[in-house]
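Number of protein chains: 4
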Amino acid sequence: MSTIERVGVSLEKELLGQFDGLIEKLGYTNRSEAIRDIIRERLSQDHLKNPQSRAVAAVLLVYDHHSTQLADKLLKLQHDCPLQVVATTHVHLDHHNCLEVIIMRGKVREIETMAGKMTSLRGVKLGRLNIVGTDV
Amino acid sequence: MSTIERVGVSLEKELLGQFDGLIEKLGYTNRSEAIRDIIRERLSQDHLKNPQSRAVAAVLLVYDHHSTQLADKLLKLQHDCPLQVVATTHVHLDHHNCLEVIIMRGKVREIETMAGKMTSLRGVKLGRLNIVGTDV
Amino acid sequence: MSTIERVGVSLEKELLGQFDGLIEKLGYTNRSEAIRDIIRERLSQDHLKNPQSRAVAAVLLVYDHHSTQLADKLLKLQHDCPLQVVATTHVHLDHHNCLEVIIMRGKVREIETMAGKMTSLRGVKLGRLNIVGTDV
Amino acid sequence: MSTIERVGVSLEKELLGQFDGLIEKLGYTNRSEAIRDIIRERLSQDHLKNPQSRAVAAVLLVYDHHSTQLADKLLKLQHDCPLQVVATTHVHLDHHNCLEVIIMRGKVREIETMAGKMTSLRGVKLGRLNIVGTDV
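Chains as they are written, first to last, in our numbering: chain A, 18 to 153; chain B, 18 to 153; chain C, 18 to 153; chain D, 18 to 153.
So here's chain A without its partners, still in its complex pose (with noise of 0.2 Å):
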């Protein structure tokens, strides 16, 4: 566990009651842990600007399962590249879709190479990826 410091910050008191209310509506217990996490968040977003961060990355693809050969297709492509893919969480969506989720850890230039190629498969109708720094 590391070391705490506390430090001292001057806020107009409207702002502190908007804030106060906003981390309330969240479910924050501890003024600290909000103003934390919003650090944490904008060091992250900095972090996530260069291509070149390790960071750790969820891919979220929604396609129809019977297109032909898709399966194979994303397994060989997760397999191309097997330091990288740490999971994958295989949901039913209904009769013709499902969600595919794939955990993957590499450089951000890397995990939005691989993304890129998974949702330009045929078949995949929406592909998403979320990234977060793993220096945190």
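None of these hints come from the bench; they were simulated from the model. A quick note: this is a predicted structure, and the numbers were derived from the prediction, not measured. Don't be surprised by glycine CBs; every beta carbon is placed ideally from N, CA and C. Any given hint might turn out to be false.
[What the hints assert, rightly or not] Keeping only pairs whose Cα atoms sit at most 20 Å apart, straight-line, the calculated DMTMM-like set for lysine to aspartate or glutamate is: (1) C:LYS134 with D:GLU41; (2) A:LYS134 with D:ASP63; (3) D:LYS90 with C:GLU41; (4) C:LYS90 with D:GLU41; (5) C:LYS66 with A:ASP37; (6) A:LYS42 with B:ASP97; (7) A:LYS66 with D:GLU41.
[As the list claims (entries may be wrong)] Selected chain B positions facing chain A (in silico; Cβ < 8 Å): (8) LEU43; (9) GLY44; (10) ARG48; (11) GLU50; (12) ASP54; (13) VAL73; (14) VAL79; (15) GLN86; (16) LEU92; (17) ASP97; (18) ALA104; (19) LEU110; (20) VAL118; (21) ARG145; (22) THR151.
[Unchecked claim] Which chain C residues stay away from chain A? Per the calculated CB distances, all over 12 Å, these: (23) ARG59; (24) SER84; (25) LEU87; (26) VAL108; (27) GLU129; (28) SER137; (29) ARG145.
Let chain A serve as the given structure and place chains B, C and D on it in line with the hints.
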């Protein structure tokens, strides 16, 4: 399988050239497929603007697994909404940090509320929410 | 000027060091100022989620000024909502393209609708909307 | 005016129906125009990922015009980069707050740096950056 229609689109030659360059870079082998994908993405954005829309989502949480009772609190939150949580994947990032990816189904507003509750738990360092529409 | 309050925040030493590094890079000379800014940004995001919130916005439109009657149509749209459009700035980008930045005040939903109408006009190539809350 | 090409796109009937519904809501009277717009938007996103790309941008600043010397500092920042700042529009929001919209041209990275410097000035409460590519 739904009926396929064929529509004609007029584009400036230069715009078409730029688009063909982009989709080749992204890995598409077929222009129709790429146009379908950006149409679906645009529809999905619009669909998710409505807090009552049905959606599926992945919440990514980075947390310190030494945090007292955090795992218990996360499990309790998930079990208090048993219909929504489809699957959870847990990944060890390093000695301190875990990534948990929680797949949920429900209305956009409910998903956002649940993601907020999870993110605001003490010990959760980063929370990200990625929602996709299910009517794709 | 509103009353100033001083609150204490506990942070891990390492997190504080990373934050100090970021805000120095961004040009801040004062940590409280940086924390106030990210708090305001977070509040603003929440405020703008409500389509009924009051806001001020800039719409950026890139268009070909040779497009028949486009300038007239844009002007007409703006005059059909005289209370909302505060100011318009027009910039020549190159022989064909102009940038028009339209500053509007009103409710989030009204602003979004108006921005959509402008962007969908024939000849408008790109439209971007940037909304900020006015209760800051 | 660039040459117009006509390409055929295959879409599921249901997807086409949903898209026609969306673009009618957005105010489009022509399907090609709507598809051109989402193609340009997608190209623009890709273009702006490269920090060396040429772009035009609007920075929105909300600030308290009672802040000591803030207007001077903002002007000085703008004059230190005379080639980039195209135009500035100033709007009074209420007794305390102003909105300033600053239109700049340059490379993506330079624009981001300048926007960061402006936002971090003491007295600037909110800063937003909206970049569009100029090769549209």
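Verification of the hints:
Proposed proximity of LYS134 (chain C) and GLU41 (chain D) is supported: the alpha carbons are some 10 Å apart, at most 20 Å. Distance restraint check for LYS134 (chain A) and ASP63 (chain D): the Cα-Cα separation of roughly 15 Å lies within the 20 Å cut-off, and the hinted pair is therefore satisfied. A hinted pair counts as satisfied when its Cα atoms are at most 20 Å apart, and LYS90 (chain D) with GLU41 (chain C) qualifies at roughly 18 Å. Straight-line distance between C-alpha atoms of LYS90 (chain C) and GLU41 (chain D) comes to about 18 Å, which keeps the hinted pair within the 20 Å bound.
With a CA separation close to 18 Å, the supplied pair LYS66 (chain C) and ASP37 (chain A) stays within the 20 Å bound. Straight-line distance between C-alpha atoms of LYS42 (chain A) and ASP97 (chain B) comes to about 18 Å, which keeps the hinted pair within the 20 Å bound. Only pairs whose Cα atoms come within 20 Å are accepted, and LYS66 (chain A) paired with GLU41 (chain D) is rejected, the gap being roughly 36 Å. For the restraint placing LEU43 (chain B) at the interface with chain A, the shortest Cβ-Cβ distance is roughly 5 Å, inside the 8 Å limit, so the hint holds.
Because the closest C-beta pair between GLY44 (chain B) and chain A is about 4 Å apart, less than 8 Å, the hint holds. With 8 Å as the threshold, the beta carbon of ARG48 (chain B) stays out of range of chain A, its nearest partner Cβ sitting at about 12 Å, so the hint is violated. Given hint, GLU50 (chain B) at the interface with chain A, holds; its Cβ is 5 Å from that chain's nearest Cβ, closer than 8 Å. The beta carbon of ASP54 (chain B) comes within 7 Å of a beta carbon in chain A, closer than 8 Å, and the hint placing it at the interface holds.
With 8 Å as the threshold, the beta carbon of VAL73 (chain B) comes within range of chain A, its nearest partner Cβ sitting at about 6 Å, so the hint holds. For the restraint placing VAL79 (chain B) at the interface with chain A, the shortest Cβ-Cβ distance is roughly 6 Å, inside the 8 Å limit, so the hint holds. Because the closest C-beta pair between GLN86 (chain B) and chain A is about 13 Å apart, greater than 8 Å, the hint is violated. A least Cβ separation of about 16 Å between LEU92 (chain B) and chain A goes past the 8 Å threshold, and the interface hint is therefore violated.
The interface hint given for ASP97 (chain B) is broken, as the beta carbon of that residue sits about 13 Å from the closest beta carbon of chain A, more than 8 Å. The criterion of a C-beta within 8 Å of any C-beta in chain A is met by ALA104 (chain B), whose closest approach is roughly 5 Å, and the hint holds. A least Cβ separation of about 6 Å between LEU110 (chain B) and chain A falls short of the 8 Å threshold, and the interface hint therefore holds. Among the interface hints, the one on VAL118 (chain B) holds; its C-beta lies about 5 Å from the nearest C-beta in chain A, closer than the 8 Å criterion.
Evaluation of the ARG145 (chain B) hint against chain A yields a held restraint, the C-beta minimum of about 5 Å falling below 8 Å. Interface restraint check: THR151 (chain B) against chain A, minimum CB-CB distance 6 Å, threshold 8 Å, status holds. Not every CB of chain A is more than 12 Å from the CB of ARG59 (chain C) (nearest about 5 Å), against its label as outside the interface. Non-interface status of SER84 (chain C) relative to chain A is upheld: no Cβ of that chain comes within 12 Å, the nearest being about 33 Å off.
At roughly 33 Å from the closest C-beta of chain A, the C-beta of LEU87 (chain C) stays outside 12 Å, upholding its exclusion from the interface. With a cut of 12 Å on Cβ distances, VAL108 (chain C) stays outside the contact zone with chain A, its closest approach being about 27 Å. Chain A leaves GLU129 (chain C) outside its interface by the beta-carbon criterion, the shortest separation being 22 Å against a cut-off of 12 Å. No Cβ of chain A approaches the Cβ of SER137 (chain C) within 12 Å, the least distance being about 23 Å, so the stated non-interface status holds.
No beta-carbon of chain A is positioned within 12 Å of the beta-carbon of ARG145 (chain C); the least distance is around 19 Å.
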